[in-house]
Amino acid sequence: MDNNIIIGIVLVICSLTVNVVLVLWARRTINRISGNGYRTARQTLKELKSGN
Amino acid sequence: MAIKSSRKDRSEHLPHGELSRELSLFHITMMGLGMMIGAGVFIGMGISIGKAGPGGVVLTFALNGLLAMLTAMSFAELSSAIPRAGGVYNFARIGFGRSASFLAGWMEWFASSVAGAMYALTFAIYTIRFFDHFGLLAWSPLSIEMMEKILAGVTAALFIYINFRGASETGKIGALITMAQTIFVTSIGIVGVITVMKDPSRLENFTPFMPEGWSQLLVTMGFTYVAFEGYEVIAQAGDEAIEPRKNLPKAMLYSVVIVTVLYILVAFATVVSVKMSDPDLAGASPWSWIGSYGEKGFGEAVAKLMPAGNFILTLAVIFSSTSALNATIYSATRSSYALGRDKMLPDIFSRIHTRRKTPHGALCCTGIMVLVVATMLPTKHVASSASIMFLFLFFLVNLCVIKIRRSMADELIYGFMMPLFPLFPVLALICQVVLAVWLVHMSWIAWIFAPAWIIVGVALYHVYSKGRTISTEDEILVLDEKRHYVDDIRGKYAVMVAVANPANAEGLIESTYRLCGAKDAHIELINMVSVPDQVSLHDAEKYTQPGKEAMLVAMRHLSEHFPISTTIRYCRNIARGIVSAIRQKKIDMLILGWHGKPSTSLFPIGSTVDPIIEQAPCHVVVLKDCGSKKVFNKVLVPVAGGPNSALALEIASILRNDPSEGQGRITVFTVNRGKGIFNLNKFVDDQSRRLGLDRKKLDLKTVEAKDAVKAILEEAEHHDLVVMGTTQKPLILQFARESLPEEISRSCGKPTVIVKANQGIRSWIQRWI
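Residue numbers (the working numbering), protein chains in the order written: chain W, 1 to 52; chain E, 1 to 769.
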């Protein structure tokens, strides 16, 4: 198989995977933040780091 | 020199009503999708396959989806923090001030209106061609072009009316149309996959995969980037969306991932649509045959792929054009409404219809622009101008997300925060520059249109908007500013002293006198007025009395010796106000006091002092309990190397009692915790040479201990003053943990000074990354 095809398939799969993972991660974060109550960036980061 | 601030009665400037909040997550996601699946992908597919080949066209949409996700993250974070109609306009206003926000709104209004006109024309062209194909227009005395223009105008007028009916109608009708277009486009992709499953030999169409080389990929990515810009319209729905902090970011990210999958599927179907053995190819490869049709290549491919392909494609284009038209009119209206709401454009733009609750004034002006462009002007180069404007806008958004997270981390309420900050916006900025440069080669006329519109905007801002615009709660007001000297202070060391009240000012005088004397400095006294949250910023002037008294106390002692300026300012966030003044006045050193108690668990030193230490672009000296004419004969300087320790030694040498009288000794102290050897002798030798200190007046002491805080606190008991540098660590860590100097300062019963050195570009990088 042509090397270009392999690279192309890998790039398409990687970009799709990254997109989907980012969206799933973002969805989880948004739900966590709204569940804990909306706060400032500093407070939110502290809460996210502490795993709440 | 007194600066007059332009303040007016706020009641005069309240918006004329409120928008209704009726759009759900589904509605706003569909609005974004509707704007994305427009003419861009249908026209771009054929051209992209001709330029980049069969593999290139699939990669184009896959990688563009990834790039779109980067800026969508920025949009999502900003929209969750600033969920208001206006989108980029609001982000720019909060991030960079009025002039930048005016330009953002001005460009967004233009780009969306012109894009709307383009979609109206696309709808008209495909509809007229469809009827013409069946010979249904033979009776008409009008030319095809004339009929297209008339239909474009009628279509635009219809959707202007739908937008006037209200957000609910706009969102619901738009959602229905978008659902239909998504089904049509998805069906094309699914038929492509089924076709390959029945006839796997069609996969040979992907050979050669990149016949024109990888460099063509950048060209096609730039060309089709416009097909991913729909999330901008979602940001406009902040005033009308249900639970906007939660739903706006979700809708943006969902819409990007949905269109990416959809585009990849459609690109795949396009490549496999034609059989290698098809007699129409006349020996050409399928990809070059499709590419030879240019913008119509997608239609030819779909016609080969499925029965009634032309009919289905026409329906898909009709639905997608009207959906995108609906979304762009909505977006353009909200941009101009936001400009009118803040008095940057005439009052007509801010009017809300009493019954419909829609901004009918802004919609009317937007409608006129859409109708004029759709019926009178050529669209090709104007559409390229709209693309450049969108790129400029998105560039601004990525700058805004960095600036706003950096400077307003303690003010804005966030519903979403992106990971790996600021990696994504920085990557997006780089990509947008590359794509914008590429567009220069695509349409040079666009590079005349776009700057011309911007120049008109700049002129309008200075002639009309600048003097009328109302200040918002996020801005900094200068309430009073005076200069109390006549000397020329150019080139002098600038020291800013932040005073809160007379007692606080009294505590800073002695140290300020010593520090400014040593530096031959001029002094900027600043007072940030503290106003309760529930009070309007326009009433801030009523709260200036303690600040004025503090200034008088400080000036009584210092004005004889140093040139002094005073400024009283108001900002909802005191730290941001002080940092802004430091930047504006090019201050070299900031002196401020700390009462010694942490205000919340988030801030080890204090809610005001911590952000200042992090963000101030100058040396910072925080004094705790150093007033009442205390004499510092024995000063302890705990060090661990680095610029903050060096500055701590310098400040200690200035604040200690006069060493010529046999006193004023400094103990340079370090704790060996077994984690590495710090060469104390070398550090002291270097610094005493740099500062011109008498080495004999410096005592060196190293102790071995596991608990550095305990060791320093014990040593501090034998001294009058402790001076130490703050820790060098990035913002992300500062958000989460208390550092050693803060802990000592909080626990130590002796007067304490914490210093932070400004290191120019290194400080800048540390602050931002």
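Hints are supplied without guarantee of correctness; some may be wrong.
[Unchecked claim] The following label-pair restraints were derived from C-beta to C-beta distances: (1) E:Lys-629 - W:Arg-27: 55 to 63 Å; (2) E:Tyr-493 - W:Tyr-38: 37 to 45 Å; (3) W:Gly-37 - E:His-133: 55 to 63 Å; (4) E:Tyr-543 - W:Lys-49: 42 to 50 Å; (5) W:Glu-47 - E:Tyr-493: 55 to 63 Å; (6) E:Val-440 - W:Gly-37: 44 to 52 Å; (7) W:Asn-3 - E:Gly-294: 34 to 42 Å; (8) E:Ser-292 - W:Asn-36: 51 to 59 Å; (9) W:Ser-34 - E:Lys-629: 24 to 32 Å; (10) E:Asp-707 - W:Glu-47: 54 to 62 Å; (11) W:Ser-34 - E:Lys-542: 34 to 42 Å; (12) W:Asn-3 - E:Val-440: 45 to 53 Å; (13) W:Lys-49 - E:Lys-706: 47 to 55 Å; (14) W:Ser-34 - E:Arg-468: 36 to 44 Å.
Keep in mind that the hints were calculated from the coordinates and are not lab data. Please read all numbers here as calculations on a predicted model, not as lab measurements. Ideal Cβ placement from N, Cα and C applies to all residues, glycine included.
*Can you name, in rising order, the numbers of the hints this structure does not satisfy?*
Hints 4, 5, 7, 9, 10, 12, 13 not satisfied by this model.
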